[in-house]
Amino acid sequence: MTENSSRNLAIQLRKKRYAAERRFRLYGIISISIALGALCLLIGNMAAKGWSAFMQTYIILEVELPRDGLAPGGKIDIETLREANYVAYLRKSLRDNIPGVTSRRDRRSLYKLISSGATLDLQNRVLADTKLIGSKISIAAVASDDVDQFIKGNITAGSGGKISSKQAAWIKTLSDAGRIEKRFNTNLFSNGDSREPELAGIWGATIGSLLTMFVTVLLSFPLGVAAAIYLEEFARKNRWTDIIEVNINNLAAVPSIVFGLLGLAVFLSFFGLPRSAPLVGGIVLALMTLPTIIIASRAALSAVPPSIREAAIGMGASPMQVVLHHVLPLAFPGILTGTIIGAARALGETAPLLMIGMVAFIVDIPGSITDPATVLPVQIYLWADSPERAFVERTAAATLILLTFLILMNLIAVILRKKFERRW
Amino acid sequence: MNMENNRPETVKSVAGGMAIDTAVTGEKNLKMDGTEETTIKMSARNLDVFYGEKQALFGIDLDVPEQSVTALIGPSGCGKSTFLRCLNRMNDTIDGCRVDGDIRIDQSDIYDRALDVVELRARIGMVFQKPNPFPKSIYDNVAYGPKIHGLAQDKDELDEIVRSSLERAGLLKEVVDRLDSPGTGLSGGQQQRLCIARAIAVSPEVILMDEPCSALDPIATAHIEELIDELRENFTIVIVTHNMQQAARVSQQTAFFHLGILVECNATNEIFTSPSDERTQGYITGRYG
Ligand SMILES: Nc1ncnc2c1ncn2[C@@H]1O[C@H](COP(=O)(O)OP(=O)(O)OP(=O)(O)O)[C@@H](O)[C@H]1O
Ligand SMILES: [Mg+2]
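Protein chains in written order, with our numbering: chain A, 1047 to 1470; chain B, 2 to 290.
No lab work stands behind these hints, which were simulated from the structure alone.
Computed from a prediction, not measured in an experiment: that's the story for all the values here.
Backbone N, C-alpha and C fix where the C-beta goes; we use that ideal spot for every residue, glycine too.
Treat the hints with care, as some may be off.
What the hints assert, rightly or not - Between beta-carbon pairs, the in silico distance windows are:
hint, chain 1, residue 1, chain 2, residue 2, range
1, B, Y112, A, S1348, 49 to 55 Å
2, A, T1287, B, D218, 40 to 46 Å
3, B, S182, A, N1054, 34 to 40 Å
4, B, D218, A, A1065, 53 to 59 Å
5, A, P1352, B, Y112, 37 to 43 Å
6, A, R1071, B, Y112, 53 to 59 Å
7, A, S1348, B, Q56, 25 to 31 Å
8, A, A1272, B, K55, 32 to 38 Å
Claimed, not checked - Straight-line Cα separation of at most 25 Å, BS3-like style, residue types lysine-lysine; simulated pairs:
hint, chain 1, residue 1, chain 2, residue 2
9, A, K1464, B, K137
10, B, K174, B, K137
11, A, K1138, A, K1212
12, A, K1177, A, K1198
13, A, K1158, A, K1177
14, B, K137, A, K1465
15, B, K174, A, K1283
16, A, K1138, A, K1218
17, B, K131, B, K174
Model the full structure from these sequences, guided by the hints.
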């Protein structure tokens, strides 16, 4: 009798255990779904908003390049070519396409259909090939942001709007003539920032980000790994190392803007380093990344089995040889992962860079680490703050590009880890 | 004074000359079944070891004769490994471990400040309880020691050292066609023999083994016991074991530890046939008799 009841109890317990296991697995699946769902929502939302920014409206115009304007007396001279009145040629072509625009006000609003960037494009075309002078060429003129937004259906024409009903009619005429085209938006990838949304691009910010990351990794990787190796392998465990450890952990939790304040006070005010420069941004982000790298590297080092260390010591390897020949190669994938995660966090960081002036409006593509520059997340912040409708989609597009960079970095981390781990 | 020689013969003759100076060595524990001229390779005098506040070894006096096998036996936690690790100063790497007393190899103090620990560990090799080959190729495992100690002039010489070490460890036949494959991919017994090959590749004078067979099956164990018996001709061996038969089979001298005290040390056949201490008797018979 008792035997039977105890067996029943055992069966009941087993059932309960299985149920608990199933429930636990369900919780896991639910949490993963929520996390993935949030990520998809973010990326989906950005993609939906930003997708259109990858296309840009162009107006195809036949432009006459009069010989007497560009090469007076048949003489081709670079100075003259630079000074020439390209706007006038473009405008003339516009007027030819839309006849009957006579009043000055109407003309001005007609000219507003194309962007100032089109002039530059035309000039570059001519400078690149002077044989074009005297002929009639077809050029894809960048449409102004309002036209672009109108074509994309983001704004409507009407009084008080950015596009008047007259302009809408002209656009219709051009469109009917097959002169309106949507093309891949190369400006977005090749230009620096601009006040004109149709000319604004992320290339400047991307270069700024790369230069900043270069400085960050160059400083924080060797420093962090050296510090981790010393703390983990050489330092005696005593009160001092405890204090250092607590402080490093604290440093990892310090709000990033504090590092920006530090950079402002120390590197800009005291050392007089240039404002808005990737050099200073890189140093500040290196300080911010350092604790992450140290903590990750220490974890990776301490995960190396002690038996390997003992074997090496027993063979008569010096402490340095133990670390360099045996511990470091095994810990390297972990150290690398920590570094890339730290760098990825630094790549997405804005607050400390605002403090050191990397938030300035910078058109030029930075050429070195001391040139004024901005970075991708700050560029996003700047565009998100701009009133033009066209910047809304560009903000989302820039976010997509930043996310792509982050995903790429994490992918590299995974690939490198796999590659190094394969050495059994 | 450290002798730079790695050739056992030379060391033996020098040590033999010094062993006459019994002022340091003392005259205890020299009862090696009548062979009086056995020289003492290593000796511990009045050895106390502390882990922090806790004392693990109490006044150990032990001599390790040259070219013989000394077995350390005793219940778990009695300090066998601790003693073994003192002999090549592996305890230096443990935080809070303090060693008092005197340990000598060929009459020179191994805790001498002027002594180079790295060189000492090249003279005193170690094989651990769990096989711990480096996560490198079989070749690199064996070549590592000679490389860092500069024992080979060129690649050919290194190849020869690797080959002969594997040969002596009885592993060459099994791995000769896959020297480039990972050492961690071998079986447990093969891994342990690889570790032995790695240890003898630097021609040490003494080899310390901490329960080298505890993770192995009887066949692999027999293999290694055979190997130990062969190695005795060239090396001095100290082995920790929980297996009484093994101690009886491979060793010439046996030391019984209990609660951090060296209870008895004598020729192996004496210990196993007529132990003088009843704790020894209890341990030998109580568990394995
Ligand atoms: N790293 C350490 N820190 C603190 N105490 C230690 C350490 N290593 C060993 N001890 C202690 O020292 C004593 C002797 O340990 P030791 O490892 O020498 O025993 P053992 O004889 O080798 O035992 P076993 O046969 O189980 O391996 C034990 O009480 C153990 O708890
Ligand atoms: Mg032990």
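Verification of the hints:
1. Y112(B) <-> S1348(A): 49 to 55 Å: The hint (49 to 55 Å, Cβ to Cβ) is violated, given that Y112(B) and S1348(A) are roughly 29 Å apart.
2. T1287(A) <-> D218(B): 40 to 46 Å: Since the Cβ atoms of T1287(A) and D218(B) sit about 43 Å apart, the hinted range of 40 to 46 Å holds.
3. S182(B) <-> N1054(A): 34 to 40 Å: violated, 55 Å
4. D218(B) <-> A1065(A): 53 to 59 Å: violated, 42 Å
5. P1352(A) <-> Y112(B): 37 to 43 Å: Violated, since P1352(A) and Y112(B) (Cβ atoms, about 23 Å apart) do not stay within the stated range.
6. R1071(A) <-> Y112(B): 53 to 59 Å: holds, 57 Å
7. S1348(A) <-> Q56(B): 25 to 31 Å: Holds - the Cβ-Cβ distance for S1348(A) and Q56(B), about 28 Å, lies within 25 to 31 Å.
8. A1272(A) <-> K55(B): 32 to 38 Å: Given a distance of about 35 Å, which is inside 32 to 38 Å, the answer is holds.
9. K1464(A) <-> K137(B): holds, 17 Å
10. K174(B) <-> K137(B): Holds. K174(B) to K137(B) sits at ~19 Å (cutoff 25 Å).
11. K1138(A) <-> K1212(A): Between K1138(A) and K1212(A) the Cα gap is close to 18 Å, so the pair holds against 25 Å.
12. K1177(A) <-> K1198(A): Roughly 37 Å between the alpha carbons, so the hint for K1177(A) and K1198(A) is violated.
13. K1158(A) <-> K1177(A): violated, 29 Å
14. K137(B) <-> K1465(A): holds, 15 Å
15. K174(B) <-> K1283(A): violated, 46 Å
16. K1138(A) <-> K1218(A): holds, 19 Å
17. K131(B) <-> K174(B): Roughly 23 Å between the alpha carbons, so the hint for K131(B) and K174(B) holds.
Consistency with the previously given hints fails for numbers 1, 3, 4, 5, 12, 13 and 15, ordered from lowest to highest.
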